[in-house]
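Engineer: In case you want the letters, here they are:
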Amino acid sequence: MFDDDAVERVVRYLRRSVRIDPALDHRVMEEIAALPAGPAVPAGGVWRWLTGHRLTLTPLGALGLAAAFVVAVVGVWRVRAAPDAVEPALRGFQFVLVEPHAANVSLVGDFNDWDATRTPMHRTPGDGLWSAVVPLEPGRYRYAFLIDGRLWVADPTAPTTRDDDFGAPSSVLTVGGL
Amino acid sequence: MMRASGYAVLLSFCLVAPFSRAAAQGDPRLERLDEATRPVVVALIDSARAVGLPVNPLVERALEGAIKGAPGATIATAVRRLAADLGRARDALGPGASPVELDAGAAALRAGAGPDVLTRLRRARGHRPVTMALAVLTDLVARGVPIDTATTAVLTLAATARDEDLVDFRRAVERDIAIGAPPAAAASIRVNAAAREARPGRP
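The listed protein sequences correspond, in order, to chains A and B.
Quick note: the first sequence, position 34, residue 34 per our numbering, numbers continuous.
Quick note: the second sequence, position 151, residue 151 per our numbering, numbers continuous.
Here chain A stands alone, though its shape is the one from the complex:
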C-alpha cells in the first residue's frame, strides 16, 4: 500500500506547472499549412458567397426583416406548443374480462365501429382472464364484450350506459382531453 507521503508526492508532481515552448503554436500551424489540400467542400462556395457580398438594408427593410423573423418564430412556437390541437394524442387502454368458460371473447364498441372481428381479446394461459389494449383518442366510447359470438356482457368495472336501446347492456369509457 502507498503511504501518505508517496501519495502527496504524486499529487505535487501532477500539479506542477508545465512550461510550454512558445514556438509550439507556430510549428503546429506550419505543419498544417504544409499538408496537401483536401477535397472541395460544397459549403465553402456558399461561405465565400456570403462573405464576399455586402448586404445593405434600409431602416424600413431591416424592420420588415425583423417582423418576418418574429412571425416565423411565433408560428413555429405555436405549432410546437399545441400539437394536440392538430393530432390528438392516442393513449392505450387495457380492457379486461374474467370469463373462464369462454372459447373466445371480442371487444366491440364505438372505437372499432362495432365490428366483432377487429379486436379479439387474448386469454392469459392458465386462467380465465381475457384482455385487449386499444389506443384511444379523447372522447366518449360505448363498448361491450361479445362472448362466443352470442352473449353480450357489459364491463363489470365500468359504468353502464343509461340509454340501453337495444336490450343488451353496454359500458362507457370517457377519455378526457377534448
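No lab work stands behind these hints: they were computed from the structure.
Listing some non-contacts, in silico: residues in chain A with all C-beta distances to chain B over 10 Å:
1. M29
2. E30
3. I32
4. A33
5. A34
6. L35
7. L63
8. L65
9. A66
10. A72
11. V98
12. T124
13. G128
14. S131
Computed Cβ-Cβ distance ranges for the label pairs, DEER-style:
15. B:A159 <-> A:F69: 37 to 45 Å
16. B:G114 <-> A:L63: 55 to 63 Å
17. B:D116 <-> A:V98: 40 to 48 Å
Going by beta-carbon spacing under 10 Å, a handful of chain B positions derived as facing chain A:
18. V59
19. I67
20. K68
21. G69
22. A135
23. L140
24. R143
Even for Gly, the Cβ is constructed at its ideal location relative to N, Cα and C.
Given the structure of chain A, go ahead and fit chain B onto it with the hints provided.
Structural biologist: Only chain B this time, still in chain A's reference frame:
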C-alpha cells in the same frame, strides 16, 4: 336575371349537396344495416349533418343496434332520439361545443340532467372542456347516485377541479358504493371531502 351571388349559392348547393348525401350513403359502415333500415338511418344522419350536428355518434349507434340484432325500427328510433339529444345538448352548451362535448351532453340529458345543468356546467368550466364533468355526472347516475345529488356534486367541483380530479372523485364514489355505502351518501361525503381539500384551513 340572376345576380352573381345567386349563381354562387346555386353552384355551392350543386357542389355540396350531392357530396353531403353521398357522405352518409357512401359510408361503407352503414352497409351492415339491412336494406329497409339503411335509407331511414341515412336520412336521419343527413338531417343531423344539415344542421351541423356530429354524425359519427349516430352512425355508431346504428351499428351498435345492428350487431346486437335490434329490429330496424328500434335502430331508427335510437338514432332519432340521439340526434334530438345532441341538438338539445348543443342548445344548452352553445354552438362552440365540440362533438365530444355534445356526445357527453346528450348522455347526461338521457341520464336525467336538465339542459340548465349543462349550461351551468359549461359556465363553471369556463374555457376548459366540459366533457369529463358531464361524463362523471352521467356515470354517477349510472352507479345509482340520484340525479340531484350527482348534479350538486359535479357542479360543486366543476369550477376548480381538473379532469383528473373529477375522475378521482368518481372512482372514490364507486369504491365506496362497491363496499356497501349508499350511492347518495357516498357522493355527498366524497364531494364534501373534496371541497374541504380545495379550501385548506377550513373545518
